[in-house]
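Novice: Sequence:
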Amino acid sequence: MPRGIDSIERVNAKVENAGARYVARLVDPLLERLLEELPALQLVGPRACGKTTTARRLAATTVSLDDPNIAAAFTADPDAALRGLAEPVLVDEWQVVPEVLGAIKRSVDHDSRPGRYLVTGSVRAPFEAHTWPGTGRIVNIAMGPFTERELSGDARASSWFDRLLTDEDLPPVAIDGPDLRDYIELAVRGGFPEVVKDRSVEARNRWLAS
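Heads up, the sequence shown is in this note's numbering, so the first residue is 45 and it goes up one at a time.
In short, the hints are calculated from the structure, not lab data. Treat the hints with caution; some may be incorrect.
[Unchecked claim] Quick list of simulated restraints, FRET-style, between CB atoms:
1. Leu70 <-> Ala104: 20 to 30 Å
2. Leu252 <-> Glu80: 12 to 22 Å
3. Arg91 <-> Arg193: 41 to 51 Å
4. Ala124 <-> Val245: 29 to 39 Å
5. Leu70 <-> Glu229: 17 to 27 Å
6. Lys241 <-> Arg193: 12 to 22 Å
7. Leu209 <-> Val67: 19 to 29 Å
8. Asp206 <-> Asp110: 12 to 22 Å
9. Arg127 <-> Ser196: 37 to 47 Å
All C-beta atoms, glycine included, are put in the ideal place defined by N, C-alpha and C.
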C-alpha cells in the first residue's frame, strides 16, 4: 500500500477516535443541503476559524495535504490518489498541492454526482494562483469565526430577525444583558476557536498577535 494512502487511513482513524465536543456552526445546515445537490464545495474563511473541523464531520475520507507522505502521493499523480476514496472526500490544505484541484475538476467533469468533494485551505491561495480551476465545479461557501449565537448553542434555532419576519415569538429582552463595556470586550476577544477557550488575556492577545 502506498505510504500516502496509508497516512490517509491513519488520519481518518485519529479523527474517528477524537472525543472533542463539536460546537454547531451556522453554516452547517447550508453545507448539508448543498452537499445533497452539488458535487464539490469549498469552505472559504480565515485560517483557524474551524473550516476543517466543520467539513470533517461530513466527510467519509479526510486527505490532509500538510502530511508530507500524503502530499507526495498527490504530487506524483493526483488523479490516481483521489480515485477509489470513500466519498465525500475532504481535501484539506489544498494549496500545498494545487494540482489536486485539477484532479477534482476532472473527476467532477467525469461524474457530477452530488456530495463528492469538500475542499478547505488557505483563504488567499485562489487570489495568488495564476488560474483557478474550480470555476463552475467547486462552489465556495463563506465561513467566519464563532458568533455569540453559535457559542450559546443556538446555531440551528431561528435567528431574531427570522422570528421578527415570521411573527414567531421573540425571546424576552434580558434585563441584565451586556452593556457597552461587555460588547467592547467581546469585539476585542473575537471568535476564533483558540481564543474563546478558557485562556488568560495575555495568552489570547499573544495568539491573536501571532
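Novice: Look at each hint and say if it fits the structure.
Specialist: We went through each hint and held it up to the structure:
{"no.": "1", "hint": "Leu70 <-> Ala104: 20 to 30 Å", "in the structure": "holds (24 Å)"}
{"no.": "2", "hint": "Leu252 <-> Glu80: 12 to 22 Å", "in the structure": "violated (37 Å)"}
{"no.": "3", "hint": "Arg91 <-> Arg193: 41 to 51 Å", "in the structure": "violated (22 Å)"}
{"no.": "4", "hint": "Ala124 <-> Val245: 29 to 39 Å", "in the structure": "violated (50 Å)"}
{"no.": "5", "hint": "Leu70 <-> Glu229: 17 to 27 Å", "in the structure": "holds (22 Å)"}
{"no.": "6", "hint": "Lys241 <-> Arg193: 12 to 22 Å", "in the structure": "holds (18 Å)"}
{"no.": "7", "hint": "Leu209 <-> Val67: 19 to 29 Å", "in the structure": "holds (26 Å)"}
{"no.": "8", "hint": "Asp206 <-> Asp110: 12 to 22 Å", "in the structure": "violated (38 Å)"}
{"no.": "9", "hint": "Arg127 <-> Ser196: 37 to 47 Å", "in the structure": "holds (43 Å)"}
Checked against the numbered hints listed earlier, the structure breaks hints 2, 3, 4 and 8; every other hint is satisfied.
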